[in-house]
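K.L.:
Okay, here's what each chain looks like letter by letter:
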Amino acid sequence: MSETNNSNRRKFVKTATAATAVAGFPHIGRAEIGSSNTIKVGLIGCGGRGTGAATQALKSDDKVKLWAMADAFPEKIEGPLKTLGAAFGKERVEVEKSRQFTGLDAFEKLAASDVDVILMATPPGYRPSMLRKCIEAGKHVFAEKPMAIDMAGIHHLMETAKIADEKKLAIQHGYCWRYSPANRVGFDKALSGELGRITSFVGTYLGGTVRALAPDATQPEGMGDVEWQLRNWINFEWLSGGPLLEQCIHAVDKMAWAMGDVAPIAAFGNGGRGQRRDAGNVYDNYSITYEYPGNIFCQIQQRQYSNSFNENVSRIICEGGTVVGPWKVSTKDPKGKTNWKYRAEKGVEQNMYQTCHNEFFANLRAGKIVNSCEFMANSTAVGILGREAAHTGQRITWDDLWATSEDQAPDNPPMDGKMPIPAPPVPGTDALAKA
Amino acid sequence: MKSIHLILICSAAIVLVGIAAFADDSESAKSPAAKAPAKFTNSTPTPSQWELPSTHRLFVSKKIHEIVTKKSGPESADGMKDYEEVAPKANQAKYKMIALKGGEFLMGSPEGEHEDRTDDEGPQKKVQIEPFWIGQTEIPWALYKPFYENGIARNKDGSLLAAEKDKEVTVRGKQRKKAVKDALARGDSDNIVDVVSQPTPQYHDMFGSGEHASDLNYPAMCTTHHAASKFCQWLSAQTGHFYRLPTEAEWEYACRAGTKTAFHFGDDMAKLDDYAWHGDNSEFTYYPVAKKKPNPWGLYDMHGNVAEWVLDGFSEGYRDTIKDGAVNPWNISLTRYPRIVKGGSWDQNPDECRSAARMQSIKDWKDTDPQVPKSIWYHTDGQFIGFRIVRPLKTPSAEEMHVYWNTDWWDPTRNAEDL
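Chains A and B supply the protein sequences, listed in that same order.
For my numbering, add 11 to where a residue sits in the first sequence, where the first one is 1.
For my numbering, add 15 to where a residue sits in the second sequence, where the first one is 1.
Just so you know, the hints here were simulated from the structure itself, not pulled from any lab data.
All C-beta atoms in this analysis are idealised placements derived from N, C-alpha and C, irrespective of residue type, glycine included.
Just to be clear, a hint being listed does not mean it is correct.
[What the hints assert, rightly or not] What follows is a list of derived Cβ distance ranges for each label pair:
no.: 1; chain 1: B; residue 1: Asp379; chain 2: A; residue 2: Gly204; range: 27 to 33 Å
no.: 2; chain 1: B; residue 1: Lys275; chain 2: A; residue 2: Ser47; range: 57 to 63 Å
no.: 3; chain 1: A; residue 1: Ala355; chain 2: B; residue 2: Pro89; range: 46 to 52 Å
no.: 4; chain 1: B; residue 1: Lys275; chain 2: A; residue 2: Ala355; range: 31 to 37 Å
no.: 5; chain 1: A; residue 1: Gln230; chain 2: B; residue 2: Asp379; range: 40 to 46 Å
no.: 6; chain 1: B; residue 1: Asn106; chain 2: A; residue 2: Asp441; range: 52 to 58 Å
no.: 7; chain 1: A; residue 1: Asp116; chain 2: B; residue 2: Asp379; range: 37 to 43 Å
no.: 8; chain 1: B; residue 1: Asp131; chain 2: A; residue 2: Asp116; range: 55 to 61 Å
The following block holds chain A by itself, in its conformation from the complex:
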C-alpha cells in the first residue's frame, strides 16, 4: 500500500472533490444517472441511522426508490421497512423479499444487485472492505462516518478513492455538519478571515453513555464471538474504533474544517476507561491536543459518562472573536458578548442530513461526480492520530501515523468465528502498532 505523497496530504481537502477520470479505464454500467430516470437505492445497515439515511434519500428526489436492503441480522429489516413504507408508500419503498439480503455477505449480494446508489450505515470497522466492494460493482455510495477504524483501513480507502475516480463514481461522506446550513455560514465567518486569524479550535463531545454493555453482561451461551460483538458493536475497538472515532469524530472533523483541512503536525493526549467496567475494550474518555502549522494548538474533549457535565460545542477562536456551534450558531466578540446569531432563511432546508442527500442526488442528476473518499479517509485519520496518541501515551506525528498500517481484525470474519477481545490499551506500555 502506498505510503508516499505525504506532502500532498498537507492540504488534504485539495484533492477531496477533484474528480479526474483516468483515460482508458472502462466505466462500469450504472455510473450514469440521467436527469429523469428512477434511481434505485440500496441500504446496507438497517439500524436507526441507516433508516434515517434512506428517509433523506427518499425525500431528496421524487424518483428515488428504496429498492434493496441488507443487514447482518434478518430481524433488522422488517421494522425499518414498515416505518419507511408507512411514510413513503409502496411505490417508493419497493423492497421485494428477493431484494432483502441478510447475513454477513448481505452487502456483497446487495452490491451485486441492480441498485444504482448504495447507502452505507454499518459499523465503521466494515467500511473500507464494504466500500471497495460497492465501488468495484460500479455503484455510487453514501458512506456514514467514520470511514475506518485503523490505518490499514485508511490505506485501503486511499486506493478505493482512486478506483472510484477511474470509474467516475460518486462517494458522498457522512460528516453531516459540513452540510449544516447554519454551520456553513458560521465556519465561513472564521475561514473567510472576517474575524481575523484563527488561533485555536476547542471542541467538546461530552455526553452520556451510548449503548454501553452493562458491567455484568456476558456473551450468551451458544452465540459466536463475532455475532455477540456485532450485536454490541459500539463496545468493541475492531468494530467501532472507540468513541473518539465513532462519535467524537464529528468534533475532530469540525476541527479539521476550521483548520482549513490542512494536515495536523502531531497529537498528544489522554484517555481511559473512567466509568466503563464491561467486557468491551473501548475507552470512554479522551482529551487530545492537536498541533497545527502556525503554532496553533487545538483541543478535543470526548467523554461518555453518566451523571456528569454534558456539553457538545465547537468554538473556533479567532483574534477578533469566536464562532460558536454546532447548535445555536453565533459569534462572540473578544469579551464574550454575543454579537451575531445565525437566523435560518424561511423556506430554506435547515436539516443537515437532508441537505447532504439533496446535494448528493442533485449532483448525480446533473452528472457531477463528487468523490469525497480521500477527504473522508484523511479526516478519519486525524481521529486515529488522536486516539493512538492517547492509547500509547506518546506524541505521535502525522507522518509517523501514515508510516503504519495496523490492521485490527480480519475483513469479514464468520458470525460463529473466534474473536478474542484484546485488553484495552495501556498508555506507556502499548506502542504505535506498525502493522
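For this one, chain A is given, so just place chain B on it according to the hints.
P.N.:
Leaving out everything else, chain B in the frame of chain A:
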C-alpha cells in the same frame, strides 16, 4: 407523508378521520390505537368521551389513580393553599405549586394588540376556568434529570424492557417478548413509578449543545410534548397528586393573572426586561428559573425563558368554535404536530412573549436527530422549549388521567409525522 391522521374541527364537533393502524416491530405498538371515528357533540369534550389511547398501558394509569384517590385533598377551592412538595425519585428536589381558584377570563388578544399579532390569537372568548394549582416555575433540571437519566433498560416507547431493574438486557426474540410481558404484569405500587414510560438512554447528545443541562436550577429544555406528559405521570405516581400539562386556557388564565393587557405587567414592552428573558436580552441562551420578577399571582417566567407546552393542538378556526362561557376548552390533538407552546422564549422577539401569543410545534425541532424512527423524548433542536405542570382540584377518573398523559404515544403513524 399522506398518512398523518387529521383532526377536523367543525363548529361544535370534533371528528377523527384517517386513523390507520400500522404494525410495528415494537411490542407496544401492537396495542390498539384510538378506534376511529369518534364523534363529539360539544365543543369541549371531556377525556371520558375519548376513545382510550394506548389501552395496554391503562393499568399504569389505574394504579396511579388508586394512589391519588387514597390521598386526601381539599374539597373545594376555599381549602386550596399554595404548597411545596418534594419528589422522592428526584433526589428530594422541591417544587412549589400556587393555588388558583378559577373563574372567568377573556382568552386571546384583541386585533391590533401588536403589529405582528396573528389572527389565531382571536377572536377573544370569555372562558370559565376551574380551580387548579400551577407550578410557580418552569420544571427545572433538578426534577427532570432523574426522569430521563432513569438508568433502567426500556423499549423505545419507554416501557420497561425487563423485569430486572438496572440490568442490561441482551435477550432477543421470544425471550424478549416474555421479558416485556413480565414487566408489564408487574403493576404493583412498589415500582409503579418505574413502570411509567420514561425516556430511553440517549444515543447522541439530545440537548443540542447541552448548555446548562447539568445546572439544576435551569429549566428543562428540548422536551417533547410526550416526554412532558410522561413526566407529569411519573411525578403523580411518586407524590400521589395528579399532575398534567395545562390547557392553553388554563395557562393563559394563569399568565394574565387578572390582566387584560398584552403582558401581565401592562402594555409597555420596555418593561419586559424586568420580567422576562427574551431575544433582545438573553445573550442567546436560557437562564435559571425565577430570576426575574413574577406575575401578580407569583408565577415566574410566564413570559420568556423557555416556551411552555400546553395540552392543546393547533387547528385553524378552533377559537371560533369556543362558546362564550365554555368551561376549560381544550383543542385535543391526536396528531404529533402542530401543538401549542406559550409564553415565548429567550430565542424570540419580545412581542412573541405576549400573554396571548402562541407558537405551533413543527417537526424541524427534531432536525439533528440522526435516527429514524426519531426519538419521541427529545426535540434535539428545541433548546427553547420547556413546560410547567398543573394539578386540577377535581381528581379525574383513571381513564381521563390516561388520556391526559397519552395524547401523543408511540405509534408508527405518528412517528412518520417526524420525517
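K.L.:
What hint numbers does the structure not satisfy?
P.N.:
6
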